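Got two chains here, each in a separate frame; can you build the complex from them with the hints?
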Amino acid sequence: MGLLLSLFLAGALEAGPKDDPVTSKSKATSAKAARAREEKCVDRWLASRKLDPYGMPEGTMYAGGTPLFNEATGRQIDRLDYIYGKHPEAKAACAPARKARSRRTPT
Amino acid sequence: MYRAIRLFALLATLGIVVDLAGHRRALRADDVYRVAFVRIPERGRRAYRPGEVIVQFKEAVRDRDASDMMREAGGRSARRSDFGPRYLIQLDDGFEIADALDRLRTMPGVDFAEPNGIVRAFQRAGYFTPNDPLYTRQWNFRMLGSERMWGIQKGDPSVAVAVLDTGIAYEDFGPYRKAPDFGGTVFLTGHDYINNDDHANDDNFHGTHVASTIAEATDNNLGVAGLAFGCALMPVKVLDSQGVGSFFIVSEGIDYAVNFTQNGQHPVKVINLSLGGDATSTSVRQAVDRAVTAGVTIVAAAGNDGQSKVSFPAALPNVIGVGAIESDKTKAPYSNFGPELSVVAPGGNLRDEDIGPDGRVIRPECCVLQQTFNPDVAEREGRYDDFHYFYVTGTSQATPHVAALAALLYRQGITQPAAIKAAIESTADDLGAPGRDDTYGHGLINPVTALKGYGLNQ
Chain U
0 MGLLLSLFLA
10 GALEAGPKDD
20 PVTSKSKATS
30 AKAARAREEK
40 CVDRWLASRK
50 LDPYGMPEGT
60 MYAGGTPLFN
70 EATGRQIDRL
80 DYIYGKHPEA
90 KAACAPARKA
100 RSRRTPT
Chain P
0 MYRAIRLFAL
10 LATLGIVVDL
20 AGHRRALRAD
30 DVYRVAFVRI
40 PERGRRAYRP
50 GEVIVQFKEA
60 VRDRDASDMM
70 REAGGRSARR
80 SDFGPRYLIQ
90 LDDGFEIADA
100 LDRLRTMPGV
110 DFAEPNGIVR
120 AFQRAGYFTP
130 NDPLYTRQWN
140 FRMLGSERMW
150 GIQKGDPSVA
160 VAVLDTGIAY
170 EDFGPYRKAP
180 DFGGTVFLTG
190 HDYINNDDHA
200 NDDNFHGTHV
210 ASTIAEATDN
220 NLGVAGLAFG
230 CALMPVKVLD
240 SQGVGSFFIV
250 SEGIDYAVNF
260 TQNGQHPVKV
270 INLSLGGDAT
280 STSVRQAVDR
290 AVTAGVTIVA
300 AAGNDGQSKV
310 SFPAALPNVI
320 GVGAIESDKT
330 KAPYSNFGPE
340 LSVVAPGGNL
350 RDEDIGPDGR
360 VIRPECCVLQ
370 QTFNPDVAER
380 EGRYDDFHYF
390 YVTGTSQATP
400 HVAALAALLY
410 RQGITQPAAI
420 KAAIESTADD
430 LGAPGRDDTY
440 GHGLINPVTA
450 LKGYGLNQ
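These protein sequence lines map, in sequence, to chains U and P.
Under numbering that gives the first Met the number 0, the letters of the first sequence match residues 0 to 106, in that order.
Under numbering that gives the first Met the number 0, the letters of the second sequence match residues 0 to 457, in that order.
Chain P with its partners taken away, still in its complex shape (with noise of 0.2 Å):
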């Protein structure tokens, strides 16, 4: 088993993942599309190769006492230099490489012996490309310039963002299991409004997902990245298992985040709300107005109807409401468009010609691809850690992006959820009619002109 996760770590780490997207399955009674499938044995950023050694002997040494001596020092398989007596040695199961470095180095015919440490591209000036192996299909990062965008800010924990949902796979807990790409991603302590208790763990799918978004670990050669990868967040669980919330439950969900306080401080600066409802409650709109004037804003979804009518709370005039486009930047069919439509973010649209035979998403571009776990085996097994990453679509899925800028434009010292939805809407590109307009609102956001634009660091 540990050799099997070793090798899948291997072939993450040369960019070669496996690909497991063969499976068409249920959610509930349709269908989920899984593609990809990496988990990962240990956490962070590795400086060197797991299980890997390489080392010099001397001149004189007969290449047969070398095998001698590298089979001694737990070496399962070796590959010879081309230019000389040095060699790459593969360690066997339960061989640690400084326990094999100690023993190289104290033979009499090692010249040197060093661990296989792992090299990477320089990053270009003002620019940041995360090494994580999936992010080639983050499509929808790139859209938005990304990788110029980390150049000028990537976030930090002082700014949090609450992502009111289904909860979070964010801790170990029960049957609740932390996903394996938030390893470095930090976590406020949250509340579950459902089941009423502090361990807001995710029961559905969909908030992990969309937490995801926001701050999955990135550059830990796993995975996918996140787009405010620094800030961090805080999962409120609003919504049950089906996906389903209150009016009530929400606006207690937007109160605790906008009043907690660590060291004194309110780190919840931006609540994304993925969710709605067809009414209007006043319980909500006077919990988004405390926040709004405590200085958190509010990014919400325009819904997913296809209709001219923006969900509550994304119609709000003072919450941010998000639409969807897909990858050639048109309106997706499903998002909801209307006067109270604020911008539009990559949401993906997910057609029957996006799956090949086998039940694989073919055409990465369909949709938002980011970390979460099974949720037929969550359903069926009430097991929450099959952990693997998803093409979803949605506004619910474009949310999450604003969301993150939102973060990042705090930490670069914009403070007012009006200057930050200013910020936002007046640097969007234009889609569709010239100016604003209801289907794609101010446009698509352009999260490096808003940070470049804006703030510090310009």
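The shape of chain U in the complex, shown without the other chains (with noise of 0.2 Å):
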């Protein structure tokens, strides 16, 4: 009974909620989802006013095929994050409370 216990107690120190494989897949799917729904957003957003994905008019070349990643630095900024800084209203119209990111390209 104590060996039972014992193992018990180890599979739910495990299974704890902050590792619970079943939450993190559901949250990284539902954040996956929210992402999906605000880029559709913000594509609609620009299509309505003849932007390119970037949020500059239709028909802009960019050095580098994109103003998203900088040469120099190698860093790559986030698509959303460059649209909002470009254009806050589309920030305000699809995700009001979005905080911005920046990163290197995963290796």
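Please note that the accuracy of each hint is not assured.
What the hints assert, rightly or not - Counterexamples of contact, computed for chain P against chain U with all Cβ distances above 12 Å:
| id | residue |
| --- | --- |
| 1 | 170 |
| 2 | 277 |
| 3 | 395 |
| 4 | 425 |
| 5 | 437 |
As the list claims (entries may be wrong) - The list that follows gives simulated cross-link-like pairs (lysine-lysine, BS3-like), each with its CA atoms no further than 25 Å apart:
| id | chain 1 | residue 1 | chain 2 | residue 2 |
| --- | --- | --- | --- | --- |
| 6 | P | 308 | U | 31 |
| 7 | U | 39 | P | 451 |
| 8 | P | 308 | U | 49 |
| 9 | P | 328 | P | 451 |
| 10 | U | 90 | U | 39 |
| 11 | U | 39 | U | 49 |
Claimed, not checked - Simulated coverage check for chain U against chain P, where a stretch passes if three residues somewhere in it have a Cβ under 8 Å from a Cβ of chain P:
| id | segment |
| --- | --- |
| 12 | 55-61 |
| 13 | 64-74 |
Please keep in mind that the hints were generated in silico from the structure rather than gathered at the bench.
In this text the structure is predicted, and so the values were computed from the model without any measurement.
Where a beta carbon is used, it is the ideal one built from N, C-alpha and C, also for glycine.
Structure (structure tokens):
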């Protein structure tokens, strides 16, 4: 009985709410879904104003093909952050509570 | 000041390059890593070490008299040979070698006097090793077998590469200055489609860096090398100071380069487009078609989104779309990929661990090193003369490697863009999955095989 209780406790600790794979997965899935919804909203907002995916007029070309990657630093800017920086009204429409992010491209 | 410049030149000549990489500076909202700084007081390859003279006195001349004579000839200091009354004189500021030699040769106690010539190692047959002191940091060139490649072909100004970009630091004009390491580079008359004039000067940094990879002055005892350094460059400014342009302007730039004539010839054989966009454009596509029909090869960057979508116009079938690899020959994470990718070339990948605690780049293999001006100074002070060597990473940096190879293949006698593309693709070193794949295209360009296998000088 004591052994069984120990095993149960160990299992319960391992499967605590912090590392629950089911919970983590569902959190990630919902974050992904929220991001997808936000992207869709922003893309609709851009299209209605005849802007390209970076918030510039359609037909714009960029050094390196994108304004989101800084070739001098190797740093990539999040597309939505970039757009919100140029068009705060897009953020107000699609993600009023969003925080900015910047990252290196995952290796 | 002059003394400081001379000292700097001397250090560069000796391969001792002062590294001022300690600055981590802002490029607009982000950082640039400055790694080395060399200014050149003279352009071109020197035959003699500046400010130095060798003199041998007759045996009877006393050391004190020899010192007086050397001082009279303009000597500041002198080093005596261990094997006789022979001296290496360092001339004082303002004294010319020719004047010092004239004076010494008229002195009765002087056996002979001569300039201190520069001695170089003999080149290996079939190879060419440039003396540019920072060439050792150009891992990207050595990865491509640059020294063997130059032994086959170095290029010629009859073949020009038009760089459609933010302009090039190619002339002294208004606030713009010619980059010091473009000393021997030939430039054709370009055009600025942003400001509508014939002075396609760079006000960003990007175009100068890209152009330097293609044809920076090489074997001039300064800085780094260019891959097709014998070829000419044409600056065509189609991107503004923020690196932004438009379909219309890019198509205009392509047509300008293709239609440019000099002495009845069309020297532009290659157009480098380290740029792109998300959408497609009929005007750009038709300009590309006109260029290819006219015999001009278009090389374009696959883009830096790290996505499975090759940027436009790199995705066009008659364009050579270029992706980037790191120094270990793996795909750079930012490099776009897809079925339209033609080949890959070195573009590097700057990681946090490549930057030391003082902000210096500690792994030269992180990026492509070329000259350009400091964009911070340009933006803050409107000065375009603060030239340094910068590490930069991206498909923009990979693309000019391929444009340079295309130019060298034209010089080898290939005349058709389709043949140039086929030569580059068919000789590439396969990477990734066997055969062509969407990650690496046909693989890493192999200039030596391409140049040996096609055209002249096989």
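Hints, verified against the model:
no., hint, in the structure
1, 170, "21 Å, holds"
2, 277, "5 Å, violated"
3, 395, "4 Å, violated"
4, 425, "26 Å, holds"
5, 437, "17 Å, holds"
6, 308(P) - 31(U), "21 Å, holds"
7, 39(U) - 451(P), "51 Å, violated"
8, 308(P) - 49(U), "21 Å, holds"
9, 328(P) - 451(P), "23 Å, holds"
10, 90(U) - 39(U), "13 Å, holds"
11, 39(U) - 49(U), "15 Å, holds"
12, 55-61, "holds (count 7)"
13, 64-74, "holds (count 11)"
Violation of the numbered hints given earlier is confined to hints 2, 3, 7; the remaining hints are satisfied by the structure.
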